[in-house]
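Undergrad: The listed protein sequences derive, respectively, from chains A and B. Read in this note's numbering, the first sequence has 184 at position 184, and its numbers run on one by one without any break. Read in this note's numbering, the second sequence has 170 at position 170, and its numbers run on one by one without any break.
Everything labelled a hint here was simulated from the structure, so no lab data went into it. Note that the structure is predicted; figures quoted are calculated from it, not measured. There may be inaccurate statements among the hints.
Claimed, not checked - Label pairs and their calculated CB-CB ranges:
1) S124/B with Q78/A: 35 to 41 Å
2) I56/B with D167/A: 53 to 59 Å
3) S15/B with K186/A: 45 to 51 Å
4) I18/B with G77/A: 24 to 30 Å
5) K27/A with M130/B: 32 to 38 Å
6) I282/B with L10/A: 52 to 58 Å
7) D57/A with D147/B: 36 to 42 Å
Said to hold, decoys possible - Calculated lysine-lysine pairs in the DSS-like style (CA-CA distance at most 25 Å, straight line):
8) K27/A with K146/B
9) K192/A with K46/B
10) K5/A with K207/B
11) K46/B with K351/A
12) K146/B with K5/A
13) K46/B with K157/A
14) K2/A with K207/B
15) K185/A with K157/A
16) K286/A with K46/B
17) K46/B with K193/A
18) K200/B with K2/A
19) K171/A with K185/A
20) K146/B with K325/A
Stated by the list, open to error - Selected chain B positions facing chain A (Cβ under 8 Å, derived; list incomplete):
21) A98
22) K146
23) S234
24) N246
Ideal placement from N, C-alpha and C gives every residue a C-beta, glycine not left out.
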Amino acid sequence: MKWAKFVSALSIIAIIWAVFAGEAVVKKTPRTDRRIVVTYWEKWGDFEADAMRAVVDDFNKSQDRIFVDFQSVTNIGQKAMLATSGGIPPDVAGLFGPNVAQYAYNNAVIPLDELAQEAGIKREDYITQYYDICTYRGKLWALPSCPASTALHYNRKMLADAGWDPDNPPKTIEELTRLDEMVFKKDGDTIKKMGFLPTDPGWWPWAWSGVFGGKLWDGESKITMTTPENIEAFTWMGSFAKRYGTATVQSFQQGFGSFKSPQNAFMDNKTATVLQGVWMANFIEKFNPELDWGAVAFPYPEDRPELANSTIIDLDILVIPRGAKHPKEAFEFIRYVQTQAAMEKLCSGQKKQSPLANVSEEFIKNHPNPFVELFQDLASSPTAYSTPKTPIWPQWADEIKSATEVINGRIEAEENQGSVRAALQAVQDRMQPKLDNVIRRERALGIYPEKGSVAN
Amino acid sequence: MAKRTRTLQQQNLVSVGILHIVLALLSIVFLIPLLWMIATSLSTEKVAGSFPPQFIPTPIEWENYSTAFNYQSDQLGGVPPMLIYARNSLIVCILVVAGAVISNAIVAYSFARLKWPGRDVAFSVTLATMMIPFPVLMVPLYAMYKDFGWIGTFRPLWIPAWFAGAFNIFLLRQFFRTIPFELSEAAKIDGCSEWGIFAKVILPLAKPALAVVALFSFMAAWNDFLAPLLYLQSQETFTLALGLQNFKGQAGGSPIHLQMAASTMVVAPVIILFFFTQRQFIQGIATSGLKG
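Just chain A, same shape as in the assembly (with noise of 0.2 Å):
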């Protein structure tokens, strides 16, 4: 019976401290210098995060007025969108680029146009393709901080064993294609090694259209996904299924390691070449820092030069969410970070470009990424590309995934769905409809604007 009354007792103490301790710890105690508390939501961890601190210190201890509370969040896309709707958001939240018209379309940021105003921000400071991701519907809703562009990575040595110059690494994307027959090898059923594979890692099957001059819409209101040159695009995509068979390519791939590994493909020296962001070069010298690699610009079709240096350009951004209890303290912030030392501080620890148009020496001389340059200047591209800035794009690159999927002969299609048009086709009639609704509620908010004011 005592043993009893002591459990009893035991509980209720059990369930009074934790009713207490569970409001103490949601409870913040103010900051005994009086700092305005600016909270801070990035998506990195890693040695990433650690670069964004670094700046996050070195701005708490330029001034004395406010106190960037630096926090690394997982799932941020949707953590801060619930936190927006719930009324209690950080003041600045670190986004991907392809989420700006996502919350600007929910109202869930507040336009910096003003404020960029006043601070002197203006486009031109950027390497424009990179401010232009930032807006959407002719306002600024973000500001960059760290930006990316991609290249071919290429393996010297298995395009030497092939009997290709690896000095001389393919331009065109027949020359391309000439490069994977050579390194290809086979034993038996079972592949050995490609020279390229579009389905490795498979992150952006939209962007063949991009790599062929096509468009994946028309920057507006009209989507295009079948114009001959996404369907040159993605029947190019699917011409490795095809001529190696698709049930043999798939098991070749389901043998590879996963992305952050030594037996990664790439690292592995089982696919010669690989799109592959600015990135790359960490994963290379922390899994093979053996492997003797470049990178040059991804091939064009050989009949379209003026195709060259394609590139998909993305973009970390900063931005306000709606609700922000500090807005002229969180831009403080931002623009501190958007001034060439700190920005060429943080792109350097994560290891990536920056996107501010002028460029220290030392910045590319000391970067740790052996080709930074060559991702700097493809980012001012003229054929840099990046995702259509609509809040439907992830169902929409979804779509396009299932698609790449039908043409691969991964899924089976269903009637009459199979060739490449069809797929295509069927991607355009499930989502016009949605983009249809996107703009008829925009125009009913007054926020969808005349034709030729939009910047894509």
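Based on the hints, put chain B in the right spot on chain A.
TA: Frame of chain A, contents of chain B only:
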């Protein structure tokens, strides 16, 4: 006769043996993910991402556990985040278990032992709520908690547990119905009130079933990911299940060996708890009509 008995015994032995072999093979299927988790938690980063996976990693990296434990300590003022997440999980679990045991017992008692108009209809409606999946309720609940000012606090995670849930009500009701009504009547004749009967007669007899409710609630609260993801905002308030996400990097990169070391640490208390309460747990299930 003795020979026949022996043959029967041998046959029994064979069938039991086959059954055990089949069960052992099936258990391996269930154990593989657990073994992989433990093996990966002891691998180096290079080995962890390899294919096919190594179930006996070489070299064995015990340090992964201390690294995972201290991962991102600098973000929370030098305190290991795992410690903070564990404290938060404990807070939520204590309150959820207490709330679930008390509230479900009261409601189930009412459905099982008291007669009141519309009782059976109310019970059917209660059971019907089991058909509504949580994602359907997510949006209205979020809006409601937002109006209450509860977002960013632990309250949305534990206060609902104090209002009983259909599954646990059903479980306890079934158990309470097996207790002879004569006991309640005898207590009533002795002058015991309804609360007295509930607290002094029924509850002590229902310990196995209450233990099952407590264990189920604990496991649900401990492993819950979606609700903390929705309602918690800052890292200081994250529970263990949510904190594990910190090991998941962006752009395909995540230190999977550390993630698995942290996962092993998170799963361990539940497994240990299950081993300690296994007897009560089985007893509770067997006597509450839940077994097949």
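Undergrad: Work down the list of hints and note, for each, if the structure agrees.
TA: Here is how each hint holds up against the structure:
One distance hint, 35 to 41 Å for the beta-carbon pair S124/B and Q78/A, holds here, with the actual separation near 37 Å. A hinted range of 53 to 59 Å is violated for the C-beta pair I56/B and D167/A, which are about 44 Å apart. For the hinted restraint 45 to 51 Å between S15/B and K186/A, the CB-CB distance of approximately 50 Å keeps it satisfied. Remark: the range hint 24 to 30 Å for I18/B to G77/A is contradicted by a beta-carbon distance near 52 Å.
Remark: the range hint 32 to 38 Å for K27/A to M130/B is upheld by a beta-carbon distance near 36 Å. At about 26 Å, the beta-carbon gap between I282/B and L10/A misses the expected band of 52 to 58 Å. At roughly 38 Å, the beta-carbon separation of D57/A and D147/B lies within the given 36 to 42 Å, and the hint holds. Distance hint between K27/A and K146/B is fulfilled; the C-alpha atoms sit about 17 Å from each other, no more than 25 Å.
For the proposed pair K192/A and K46/B, the alpha carbon gap of about 21 Å is at most 25 Å, so the pair holds. Restraint check for K5/A and K207/B: the C-alpha separation of about 15 Å stays at or below 25 Å, so the hint holds. In summary, the hint linking K46/B to K351/A is supported, as the alpha carbons are separated by about 21 Å, within the 25 Å threshold. Distance check on the hinted pair: K146/B and K5/A sit about 39 Å apart at the alpha-carbon level, beyond 25 Å; violated.
Between the alpha carbons of K46/B and K157/A the distance comes to roughly 22 Å, so the proposed pair stays at or under 25 Å and holds. Of the supplied pair hints, the one linking K2/A and K207/B holds, its CA atoms being roughly 17 Å apart against a limit of 25 Å. The straight-line distance between the Cα atoms of K185/A and K157/A is roughly 15 Å, inside the 25 Å bound, and the hint therefore holds. Restraint check for K286/A and K46/B: satisfied, since their Cα atoms lie roughly 9 Å apart, inside the 25 Å limit.
A threshold of 25 Å between alpha carbons decides the hint, and for K46/B with K193/A the separation of about 21 Å falls inside it, so the pair holds. Proposed proximity of K200/B and K2/A is supported: the alpha carbons are some 16 Å apart, at most 25 Å. Of the supplied pair hints, the one linking K171/A and K185/A holds, its CA atoms being roughly 22 Å apart against a limit of 25 Å. At most 25 Å may separate the alpha-carbon atoms for a hinted pair to count; K146/B and K325/A meet this at roughly 17 Å.
Of the supplied interface hints, the one on A98/B holds, with its beta-carbon coming within about 5 Å of a beta-carbon of chain A, less than 8 Å. The restraint placing K146/B at the interface with chain A holds, with a minimum CB-CB distance near 5 Å, inside the 8 Å limit. Because the beta carbon of S234/B sits about 7 Å from the nearest beta carbon in chain A, less than 8 Å, this interface hint is met. For N246/B, the interface hint holds, since its Cβ comes within 8 Å of a Cβ in chain A; the closest pair sits about 6 Å apart.
Comparing the model with each earlier hint shows violations of hints 2, 4, 6 and 12; every other hint is respected.
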